[in-house]
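There are 2 protein chains.
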Amino acid sequence: MSATTIDYGKLYSAGLPDPAPRWAPFPKYYFVGGNNDPEQIPIEGLIEAAASVLRRDGSKLAIYNLGLGPQGYPGLRQFVADKCERQRGIKAPIEDILITTGSGQGLDMISKLLVNPGDTVLTEEYCYQGAMNRFRKLGAKLAGMKLDGDGIVIEALAQQLADLKAQGITPKFIYTIPTIQNPTASILPLDRRHALIKLAREYNVAIFEDECYADLLWEGVEAPPALYALDPGCVIHLGSFSKSLAPALRLGYVIAGWEIMSRLLPLKGDSGTGALDQMVVAEYFSRNFDSHLGHLNGVLREKLNTMTEAVEREFGSSAECWTPKGGIFLWIKLPASIDVRKLVKPAAEAGIVFNPGPEWAVSADNSSNCLRLCFAMPSKQTIRDGVAELARVCYEQTGIPLRSGNVARQ
Amino acid sequence: MSATTIDYGKLYSAGLPDPAPRWAPFPKYYFVGGNNDPEQIPIEGLIEAAASVLRRDGSKLAIYNLGLGPQGYPGLRQFVADKCERQRGIKAPIEDILITTGSGQGLDMISKLLVNPGDTVLTEEYCYQGAMNRFRKLGAKLAGMKLDGDGIVIEALAQQLADLKAQGITPKFIYTIPTIQNPTASILPLDRRHALIKLAREYNVAIFEDECYADLLWEGVEAPPALYALDPGCVIHLGSFSKSLAPALRLGYVIAGWEIMSRLLPLKGDSGTGALDQMVVAEYFSRNFDSHLGHLNGVLREKLNTMTEAVEREFGSSAECWTPKGGIFLWIKLPASIDVRKLVKPAAEAGIVFNPGPEWAVSADNSSNCLRLCFAMPSKQTIRDGVAELARVCYEQTGIPLRSGNVARQ
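For the record, the sequence lines run as chains R and B. Residue numbers for the first sequence follow our numbering, so the first one is 1 and each next one is one higher. Residue numbers for the second sequence follow our numbering, so the first one is 1 and each next one is one higher.
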């Protein structure tokens, strides 16, 4: 708008990121981002919850942190305690629970707690980009842990820790998403969980457990207890309301014993997480969590089915999907000859955005033929049309897939 | 709670802050913190606003940033644009407005934008602690600008800039709270505003204008236009909803031209500000801002009167108060022989917390006999009782004030 009247170029600090572009609305086929299904927001339930909780506690809004301390609204912490005990086997008093401004703030805080430049951090070989970016920004070197359809391969990790030790390297922590892994959507079995904790204790490596997707399980799927439930003494637990309810509400939580919590709290620099978001979610979920999640997970599973059917139809045998046990994304492997990074631009020109594998992996070596597609936000028709468009773009760029919907291309 | 099963001491990063103490409820006489009057939270108004805005836009909660981009809920940005044009003379399109997670996030971002270690930053000699702490944490050296009852003394600043230039030092920015200065609660007159901008342009120094308290003006008090209104080309403007409505809602805003905004946006690391807080405040204030503020400012002025009367009664001629033109705090000067830092502990033992001058000033040299008392949250009776208790503590520690309520002590 207005021109500057001083030379800001002389004033900027060193090492600023590139300027942001002007914001543009989402393209037609938006298969990225941890968004949810807009039709599943319980609008009337949130309105009732807002009225009820504001009449009871609204006057407290006049005070920073509601006058109740920096760890968050006690009603929401109690809900987290109850939910995590019932569903994840975690026994934690609300003094060990911190509400964060999204799980991203928890990621920031825990990273700052543990990472010095040059430290080694172990992450799953395919891994949440937002976590890897944060670790790398603090100067961490990432080492990828081998995954199979059930998550971390323990024998490989044991060897990796021994090898690192032989080099004199003690990793600071193991970052893992054991329940609905991002992006493979697997669940780590109980025996592997015990073995993982044994290794962490043996090598004095902390476990950073991210369970942002653990509420999104398909009906009939059972997850073993959280790692934190098995040994709170070496695990820091992270959770979120972004996936179970709504990401525009910035609400996550950290569970950790007081030794860790007392170190984390000074790193929460925002004078408290937004109180209305906290209060309304506490009130709504205290009464409606099971029914909301039961319904939401049914809807998400249908959308996944729509997406896997579309991928099978459009890509045929060229695409190999990991089988999600819940969540909002599908991790797809294409033939090794394809580098998905070359598809990004032509896909964008066709209105398609997806996560190229190398952005969701420690190394491009075993991920350049992989991609992540998110299915919670788009409608079923958009999923069908978008996957078909993506197959068309892929064929035009690579000659693969040769057949779509049992019909040869060309 | 649970003991650790690994040695976290080997894992913590370098330079962590001290561990947090367990949270304890506020003491009886809590005269610190930017809290508001709990009785003035418009509970029914917020409930109505929540219902109305959720019915209209609630489904958007399913998407990060409501699917509307990283600068915040457009309805709230439009309200900020309208309010700032009407009351502060600012003409800014909503593209130049960023909603932040409290004004504290804006402070963080603007500091990171401009401060390299070793840089000089000019702040008012008596200054908001949260701002000074942030600048210092990034390695800035603070230089205090002389204040009188109308804010920055321009002649002194001109000399200071010339002296700095002679030493080869160009300050990065001038941080100022021109409208209800914190802690002196003064308002900078129009001619000084023009002169300040002239100096900023002459010396190529940015102006960081913090107007967190500018909505809290006593009836009949007129503030000149914001510095940003006078020259958006060298000013970055910061505002807040913490003081006009509620600090537990974490909502502030930055106004800046696109060159600056595009540099600030990548520094907002929280994936968006809490949406429900934004939506409800937009809806409520779009309809009720003037009536809410008119009423709130009347209540605050009465509380200020209660406090100044109590200070006069209890401290007599030993206390000299700056005369607030609005806001929520009173800046008091005691005789030069008193070091208020020595009162902190005995006051705390009597249940009193206040801001000792040196924490609210660039230097202890001219502030060790000053203190800041906040009056918005405590009741009038608490204000009266607490000030009387503080005078008693002060007398016991220093022999001053000799008389309280026209009665000699001893």
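Please keep in mind that the hints were generated in silico from the structure rather than gathered at the bench. Note that the structure is predicted; figures quoted are calculated from it, not measured. One or more hints might be untrue.
Copies of one chain are not kept apart here, so a pair can be met inside one copy or by any two copies together.
[What the hints assert, rightly or not] Pairs of lysine-lysine, DSS-like flavour, derived with a Cα cap of 25 Å:
id, residue 1, residue 2
1, Lys112, Lys10
2, Lys60, Lys28
3, Lys137, Lys112
4, Lys165, Lys10
5, Lys198, Lys141
6, Lys28, Lys345
7, Lys165, Lys83
8, Lys60, Lys380
9, Lys345, Lys112
10, Lys380, Lys10
11, Lys28, Lys91
12, Lys141, Lys10
13, Lys198, Lys10
14, Lys91, Lys146
15, Lys165, Lys380
16, Lys83, Lys112
17, Lys83, Lys345
18, Lys83, Lys380
19, Lys60, Lys137
20, Lys28, Lys380
For each hint, the structure was consulted:
In this assembly of identical chains, the alpha carbons of Lys112 and Lys10 lie at most 25 Å apart only when taken from different copies (14 Å versus 30 Å within one copy). Taking the shortest alpha-carbon separations for Lys60 and Lys28, only the inter-copy value of 16 Å comes in at or below 25 Å, while the best intra-copy value is 43 Å. In this homomeric assembly, Lys137 and Lys112 come within 25 Å of each other (Cα to Cα) both inside a single copy, at 10 Å, and across copies, at 15 Å. Proximity of Lys165 and Lys10 under a CA criterion of 25 Å is satisfied inter-copy only: 15 Å between copies versus 47 Å inside one chain copy.
In this assembly of identical chains, the alpha carbons of Lys198 and Lys141 lie at most 25 Å apart only when taken from the same copy (23 Å versus 49 Å across copies). For a Cα distance limit of 25 Å, the shortest separation of Lys28 from Lys345 inside one copy, 15 Å, qualifies, whereas the shortest one across copies, 62 Å, does not. For a Cα distance limit of 25 Å, the shortest separation of Lys165 from Lys83 qualifies neither inside one copy, at 38 Å, nor across copies, at 61 Å. Taking the closest pair of Cα atoms, Lys60 and Lys380 come within 25 Å of each other only across two copies (18 Å); inside a single copy the shortest separation is 43 Å, beyond that limit.
Taking CA atoms no more than 25 Å apart as the test, Lys345 paired with Lys112 passes in neither setting, with 35 Å inside one copy and 33 Å between copies. When the C-alpha separation of Lys380 and Lys10 is checked against a cutoff of 25 Å, the pair qualifies neither within a copy, at 51 Å, nor between copies, at 50 Å. For a Cα distance limit of 25 Å, the shortest separation of Lys28 from Lys91 qualifies neither inside one copy, at 44 Å, nor across copies, at 34 Å. Proximity of Lys141 to Lys10 under the C-alpha cut-off of 25 Å is restricted to the inter-copy arrangement: shortest distance 18 Å between copies versus 33 Å within a copy.
For a Cα distance limit of 25 Å, the shortest separation of Lys198 from Lys10 across copies, 18 Å, qualifies, whereas the shortest one inside one copy, 54 Å, does not. Proximity of Lys91 to Lys146 under the C-alpha cut-off of 25 Å is found in neither arrangement, the shortest distances being 30 Å within a copy and 56 Å between copies. Proximity of Lys165 to Lys380 under the C-alpha cut-off of 25 Å is found in neither arrangement, the shortest distances being 49 Å within a copy and 65 Å between copies. Proximity of Lys83 and Lys112 under a CA criterion of 25 Å is satisfied in neither setting, with 28 Å inside one chain copy and 39 Å between copies.
Proximity of Lys83 and Lys345 under a CA criterion of 25 Å is satisfied in neither setting, with 43 Å inside one chain copy and 42 Å between copies. Taking identical chains as interchangeable, the C-alpha atoms of Lys83 and Lys380 are never at most 25 Å apart, the minima being 31 Å within one chain and 42 Å between chains. In the homo-oligomer, the alpha carbons of Lys60 and Lys137 never lie at most 25 Å apart, since the shortest distance is 37 Å inside one protomer and 31 Å across protomers. Taking the shortest alpha-carbon separations for Lys28 and Lys380, only the intra-copy value of 13 Å comes in at or below 25 Å, while the best inter-copy value is 58 Å.
Comparing the model with each earlier hint shows violations of hints 7, 9, 10, 11, 14, 15, 16, 17, 18, 19; every other hint is respected.
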